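Asks: One-letter residues, chain by chain:
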Amino acid sequence: MTVTILRRLLALIPVLFVISLVTFLLMHSVPGSPFSAEDKPLPPQIKANLEAYYHLDEPLPQQYLRYMGNVLRGDLGPSYLQRSRSVNDIIRDHLPVSFQLGLLALGFGLLLGIPIGVISAMRQNTWMDYLGMFVAIAGVSVPAMTLGPLLIWGLALQLELLPVARWGTWQQAVMPAITLGLGEAAIIARLTRASMLQVIHQDYIRTARSKGLAERKVMVKHALRNALIPVLTILGPLFAGLVTGSMVVEQIFAIPGLGRFFVDSVGARDYPVIMGTTLLFAAILVLSNLVVDITYAIIDPRMRTAE
Amino acid sequence: MIQPATTATVNRPSGRALRRLLRHRFAVAGAVTLVLLILVAIFAPWIAPKHFADGDLFANYAPPGGDFLLGADFLGRDMLSRIIYGTRISLAVAFLGAGIAFFVGLIYGVISGYYGGRTDAAMMRIVDVLYAFPSLLFIILLMVTFKTGFGGSMTDNPFFHAVARLDTQMGGVFLIIVGISLTSWVGMARLTRGMALSLRRSDFVQSAVAVGARDGRILRLHLIPGLVGPLLVRVTLAVPGFIATEAFLSFIGIGATPPTPSWGMMISEGFKVMRSHPHLAIWPGVALATVMLAFNFLGDGLRDAFDPHSR
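So the protein sequences, as listed, match chains A and B. FYI, in numbering that gives the first Met the number 0 the residues of the first sequence are 0 to 306. FYI, in numbering that gives the first Met the number 0 the residues of the second sequence are 0 to 310.
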């Protein structure tokens, strides 16, 4: 088991390495430099000095090796846009915000999605099932760009229940969490339903019923516990998707998360921030996929022997 | 009663799938909505009251009703007309993105899964890396690289020059489609490869190999027909993602270029005046959700039609 995990972890290194190389080449394939703004050009000597200071005058392979060397030592470099902060500072300040938002959205998704999925499965092919699945499909179809403004209009401007934007209090977290979590709720509902339907038709459920257990007890204790395994395993990637995909929501609600920084830094060609964010998000994604396989092995002993 | 086998078509799998699809009410509703939207996109100049770029500065922020059914934006452009023309953008992204994802994913996946061995290992290594790339980040990077590159000194090259011209003509949408296509095929290739791998080991393919059928024949007759259905389902369900990506890129200002009526750009313009004119952000949002909903319903119906066990 430990050996498998270690081997999988080692396999991630080349993947991240290639991602860093692709990102680096893409950024640098655009001619010019971050300091050649067209609207207010810097004096050539100052520009040259700046480029020399950030080693942008070196040949590309050397720049790349220098950068990767620093990354391996845990230093993601300076930010060109925000001279007073390093990329490490930016990540330390803004990643927690994206994480909080992701966790809240995931919590909302679970609270809404699991009940819908369970009820749909227990009342399969009735109007409740159809309604539940309608809601689930609608949930993945309403993008943040539609839901966000609608919520702001309804809850913040018309009813004046919640603040319009920004981050810090729980009131400010409600709308972003719903906007980001609705799609996840829909995915969780569908998965829970499918998984419940599979479990319900198994022999041990019939056994539990035939020995006279209350239907409620059969469903909660016997069916749901097993049906939640697939749901549990996608939580990692869902969360990773929420953290890396919260850019839209962060933009709409003016939340100081990492996604918004990425958008700004790409426009300004803030190379170290772009590289740092991309590598970090990629690492979160690949690690979450690994966590799925490990949780599977822990929860379901059959998976362990299959390896 | 025994059904007489009158026509061969009745028993064909595609016929069965079609009948199951037609029984699926949501899917039919989705399909009908899509057909209507396609008609709207094609006949936009005849349906829309005004041209999407025609502004009337005396009518800026005109309220809904009268001359402007859904109101006018900050330049006095008719919202309804812009939403109608915007259908073209979203559907172009949807169908071109889907087509490329489907064909590239199918061909790549089939080759990788069918030939297996070292070819497979090499091809899947590439896919694994791209799969780990946060796709929205990748597309944003690509877009900025394209836009600044094609707008600047790279246009000396005749190929880049042609691409830049095409993109300008399409209001910045061409490069969005390229960006989406470069990432979307990866998931499809993984899916196809997995299915091709298991079909490869199935008895009917093994028998075809045993009787000496050539690779091309096996792929054409035995592998690809079995892969098209599930892949079609997956691509249809991926389309709302493509549409949302275009809208998001235009929302943050690196997608469509003004005055192209992209719904995402309209939402971002309306969002700035949310307090005084909320309808300017909400209507394009409703249009966006409608198209995505139609594709999701259709995809859901297709899934049930091709794989009845999932219902």
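Hint data in this document are derived by calculation from the structure and do not stem from the laboratory. Incorrect hints may appear among the rest.
Covered by chain B, according to a simulated footprint, are these stretches of chain A (three or more residues, beta-carbon under 8 angstroms) [what the hints assert, rightly or not]:
1) 76-87
2) 138-149
3) 276-284
Derived contacts from chain B toward chain A, CB cut-off under 7 angstroms, selection only [stated by the list, open to error]:
4) Gly64
5) Leu68
6) Leu136
7) Pro224
8) Gly225
9) Val227
10) Leu287
Note that this is a predicted model, so its numbers are computed, not measured. Note that the Cβ used here is the ideal one computed from N, Cα and C, for glycine as well.
Asks: Against each hint, give a clear statement of whether it holds in the structure.
Replies: Here is what the structure says about each hint:
Here's how the region 76-87 of chain A fares: 0 of its residues keep a CB closer than 8 angstroms to some CB of chain B, so the rule of at least three is not met and the hint is violated. Note: the region 138-149 of chain A has 9 residues with beta-carbon separation from chain B under 8 angstroms; the three-residue rule is met and the coverage holds. Against chain B, the region 276-284 of chain A contributes 5 residues with a C-beta closer than 8 angstroms to a partner C-beta. That satisfies the three-residue criterion, and the hint holds. Here the hint on Gly64 (chain B) is broken, as its CB sits about 19 angstroms from the closest CB of chain A, past 7 angstroms.
Below 7 angstroms, beta-carbon pairs count as interface contacts, and Leu68 (chain B) has none with chain A, the closest being about 19 angstroms; its hint is therefore violated. At a threshold of 7 angstroms, the smallest CB-CB gap from Leu136 (chain B) to chain A is about 5 angstroms, leaving the interface hint in force. Hint status for Pro224 (chain B): violated, given a least beta-carbon distance of 26 angstroms to chain A, over 7 angstroms. The closest approach between the C-beta of Gly225 (chain B) and any C-beta of chain A is roughly 22 angstroms, which is over the 7 angstroms cut-off, so the hint fails.
At a threshold of 7 angstroms, the smallest CB-CB gap from Val227 (chain B) to chain A is about 23 angstroms, leaving the interface hint violated. With a cut of 7 angstroms, the hint placing Leu287 (chain B) at the interface with chain A holds, because the nearest CB-to-CB distance is about 6 angstroms.
Violation of the numbered hints given earlier is confined to hints 1, 4, 5, 7, 8 and 9; the remaining hints are satisfied by the structure.
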